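Read off the chains here:
2 protein chains.
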Amino acid sequence: MSRTSLEHWQCSLARSADIVGDKWTLMILRDAFFGLSTFSQFQKNLQIARNVLSDRLDKLVQYGILRREPVRPGVERYRYQLTEAGQELFPVIVALTQWGDKWVFGAQGEPLVLVDREKGAPVQAVGLQARDGRYLRAADVTFVPGPNAPAELVARYARQRPPER
Amino acid sequence: MSRTSLEHWQCSLARSADIVGDKWTLMILRDAFFGLSTFSQFQKNLQIARNVLSDRLDKLVQYGILRREPVRPGVERYRYQLTEAGQELFPVIVALTQWGDKWVFGAQGEPLVLVDREKGAPVQAVGLQARDGRYLRAADVTFVPGPNAPAELVARYARQRPPER
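Taken in order, these protein sequences are the chains called S and G.
FYI, in the numbering used here the residues of the first sequence are 2 to 166.
FYI, in the numbering used here the residues of the second sequence are 2 to 166.
Hints were generated in silico from the structure; no laboratory data involved.
Be aware that one or more of the hints could be misleading.
The list treats identical chains as interchangeable, and a pair is accepted whether it falls inside one copy or across any two copies.
What the hints assert, rightly or not - Below, a list of computed lysine to aspartate or glutamate pairs in the EDC-like style, where the Cα atoms sit at most 16 Å apart:
no.: 1; residue 1: LYS103; residue 2: GLU85
no.: 2; residue 1: LYS103; residue 2: GLU89
no.: 3; residue 1: LYS45; residue 2: ASP32
no.: 4; residue 1: LYS120; residue 2: ASP141
no.: 5; residue 1: LYS120; residue 2: ASP133
no.: 6; residue 1: LYS60; residue 2: GLU8
Here the structure is a predicted model, which is why all the values come from computation and not from measurement.
All chains should be built: construct the whole structure from the sequences, respecting the hints.
In structure tokens:
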């Protein structure tokens, strides 16, 4: 039997992937970071089917990533704003964008360059760093059970560690 | 008319989202970073339908994220290894995992903690930084056309800049 939802997994990536692991969801988030906020703005910019857009916006509201509120009090038109949880997906969107810059478009071929408003200079590549600032690749890290991990997970990690790399 | 593929977009996020914006693709990548490499290892660990797994693996090979090679020369069993392009998706996977740690499981509730093998200490949160090291949020950055952006894109950006935030 295969699973269709990842919501019962004791894995943060599974839960995040279940929520934002969808191409249209990522594009809606991109547009929200650009400042778009209404259904018609998203629909026009993404050329997305209305039922798909509606489904994805509802899901983003349900998971607390977008907040839906009337454009003006008493009006039945809504705008969708990023919550704090939504704002914190920015590194994910930028990391994906930078990966596409490098691996789809290639050096000097990136359509857009992300620049720091204060200095006008391109931003750094998003990367994983140790506390002392060293950049880390997958081979440089490992996982240990969290401070309140369920006993079952601790036992599984003691029994069956991820392969050393 | 709605679009079903994002492959003609002049946008790196659209292209990345088209390639890895799928929950099973993200889970397969997670497992590949953990060191899993064969069809049966992925299938057993993810409890994923075989046709879905096969489709996602083929796509990852086609896009140059995984490399498929015989387990041993002349054997018709294959293993899937991350290419350099695949390795560079690590910050995306970690950023999504850290988001889930914070916003799904909450403080001290993360199932697993990612630690630096060299020092044994938890890694930093993945974030976007300016060249001088300042952490940047969406409001702190803007986009400009890339060095070789097509004239059409440059004109669109001159005409219709993303809203100031």
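Evaluation of the provided hints:
no.	hint	result
1	LYS103 / GLU85	between (29 Å within a copy, 11 Å between copies)
2	LYS103 / GLU89	between (23 Å within a copy, 10 Å between copies)
3	LYS45 / ASP32	within (11 Å within a copy, 37 Å between copies)
4	LYS120 / ASP141	between (32 Å within a copy, 10 Å between copies)
5	LYS120 / ASP133	between (25 Å within a copy, 9 Å between copies)
6	LYS60 / GLU8	within (14 Å within a copy, 25 Å between copies)
Checked against the numbered hints above, the structure breaks none of them.
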